[in-house]
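A.B. asks: Chains as they are written, first to last, in our numbering: chain A, 61 to 246; chain B, 11 to 129.
Since the hints were derived computationally from the structure, they do not count as laboratory data. This one's a predicted model, so the numbers in the text were calculated from it and none came from an experiment. Glycine included, C-beta positions come from ideal geometry on N, C-alpha and C. Please note that a few of the clues may not be correct.
[What the hints assert, rightly or not] As a list, the in silico EDC-like pairs of lysine to aspartate or glutamate whose alpha-carbon atoms are at most 20 Å apart:
1. A:176 x A:79
2. A:91 x A:163
3. B:90 x A:130
4. A:125 x A:113
5. A:239 x A:167
6. A:91 x A:141
7. A:239 x A:82
8. B:90 x A:82
9. A:176 x A:145
10. B:90 x A:129
11. A:176 x A:107
12. A:125 x B:111
13. A:239 x A:80
14. A:176 x A:163
15. A:125 x B:87
[To be verified] Label pairs and their computed distance ranges (CB to CB):
16. B:69 x A:214: 41 to 49 Å
17. B:114 x A:226: 37 to 45 Å
18. B:68 x A:224: 26 to 34 Å
19. A:75 x B:69: 23 to 31 Å
20. B:77 x A:158: 36 to 44 Å
21. B:74 x A:243: 28 to 36 Å
22. B:20 x A:191: 35 to 43 Å
23. A:217 x B:96: 56 to 64 Å
[To be verified] Partial selection, computed: residues in chain A whose CB lies under 10 Å from chain B:
24. 72
25. 74
26. 166
Below, each chain spelled out in residue letters.
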Amino acid sequence: MNGDRSTRVAWRLFWAWNDEKEERWLREMAKQGWHLSRAALVRFVFDQGEPADVVYKLDYNILAKRDRDEYLGLFRAAGWEHVGEVANWHYFRTLATTGADPEIFSDVESRIAKYKRLLYLLLALLPISLVSLQSLLDRRLAGAGGAMGAILAGGAVAYTLLLVLWSVALIRIAMHIRKLRRRSEP
Amino acid sequence: MSTLERKAERFLPLTETTFCILAALATPRHGYAVMQRVEEASRGRIRLGPGTLYGALTTLLRQDLIVRTGETEDGGERRKLYVLTELGRAVVDAEGHRLVEVVNVSRELLGIEGGLRER
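Use the sequences and the hints to build the structure in full.
C.D. replies: This is the structure:
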């Protein structure tokens, strides 16, 4: 699948609750002969090869080292190539077949479970972020002046923005889960 | 009703996916063998995705419904084997009985004798 003709780098940001869009984009790229060789959050490296209809699927899984072989082995046996991983997101691909598109999840419960794993991780890390922000603000209010004060203020602003983004992510992922659940109801 | 049966009841009802995976693990199998066996037994109707199966195995291990029981070599790869625990066995039995009961009630209500109509 990977030609050695040339490579191309694309920068794109996809939100975690919108990974189906990312899957569709990767498929479109493959149809034009650009096959993913490395993904790193926002930086995608593609190798040029023959255009092909390749289905990409993303899974989110926090794997213990000892479970890794088992996890990847199961996907491999089912015909999926592991292209890469970034921040617990695993990129898989397989050639499209006639009929329905291949899926890595065969029921809605497991599709929802994927987003729940992500949601729980974000929730678990939230208190840590809040405590960090609190300590930054405390030191700022304790009267750190001059350059130190400015750095602390900058840090507090950055942290606040991060927390806002964090909250948006939590809400959007929860909404996505609800949408999947609704879609599955008759 | 024994303690084990009472404990098993708490897991019901199972999703079709969970029920099939558990039933396939009445004998020790590796993950991919579970996929193949379920597809075969359902005559191609139920095709478990690898993400679905991996997630289910992880959950069932945590719930003590299955255990790992060594490894096997298949297709040049080492694969972990899984099998039902006593509790897992009780859960499959309980769900099996529940489903039979559902079918029996449906037959009674629909006034069907013998079997459901062929599709």
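A.B. asks: Determine for every hint whether it applies to the structure shown.
C.D. replies: Hints, verified against the model:
1. A:176 x A:79: 14 Å, holds
2. A:91 x A:163: 18 Å, holds
3. B:90 x A:130: 7 Å, holds
4. A:125 x A:113: This hinted pair is violated, its Cα atoms lying about 32 Å apart.
5. A:239 x A:167: Roughly 15 Å between the alpha carbons, so the hint for residue 239 of chain A and residue 167 of chain A holds.
6. A:91 x A:141: The hint holds at about 17 Å.
7. A:239 x A:82: Holds - the C-alpha atoms of residue 82 of chain A and residue 239 of chain A are around 18 Å apart, at most 20 Å.
8. B:90 x A:82: Roughly 32 Å separates the two Cα atoms, so the pair is violated.
9. A:176 x A:145: Given pair residue 176 of chain A, residue 145 of chain A holds - Cα atoms ~19 Å apart, limit 20 Å.
10. B:90 x A:129: Within the cut-off at roughly 10 Å; holds.
11. A:176 x A:107: 33 Å, violated
12. A:125 x B:111: Violated, at roughly 44 Å.
13. A:239 x A:80: With a Cα-Cα distance of about 13 Å, the restraint between residue 239 of chain A and residue 80 of chain A holds, given a limit of 20 Å.
14. A:176 x A:163: 19 Å, holds
15. A:125 x B:87: 17 Å, holds
16. B:69 x A:214: 41 to 49 Å: Distance hint for residue 69 of chain B, residue 214 of chain A holds at roughly 44 Å.
17. B:114 x A:226: 37 to 45 Å: For residue 114 of chain B and residue 226 of chain A the Cβ distance comes to about 52 Å; the hint is violated.
18. B:68 x A:224: 26 to 34 Å: At roughly 33 Å between Cβ atoms, residue 224 of chain A and residue 68 of chain B fall inside 26 to 34 Å, so the hint holds.
19. A:75 x B:69: 23 to 31 Å: 27 Å, holds
20. B:77 x A:158: 36 to 44 Å: 40 Å, holds
21. B:74 x A:243: 28 to 36 Å: 32 Å, holds
22. B:20 x A:191: 35 to 43 Å: Taking Cβ atoms as reference, residue 20 of chain B and residue 191 of chain A lie about 37 Å apart, which means the hint holds.
23. A:217 x B:96: 56 to 64 Å: Since the Cβ atoms of residue 217 of chain A and residue 96 of chain B sit about 58 Å apart, the hinted range of 56 to 64 Å holds.
24. 72: Violated - the Cβ of residue 72 of chain A stays beyond 10 Å from chain B, reaching only about 23 Å at its closest.
25. 74: 19 Å, violated
26. 166: For residue 166 of chain A, the interface hint holds, since the closest Cβ of chain B sits about 4 Å away, which is under 10 Å.
In summary, the numbered hints that this structure violates are 4, 8, 11, 12, 17, 24 and 25.
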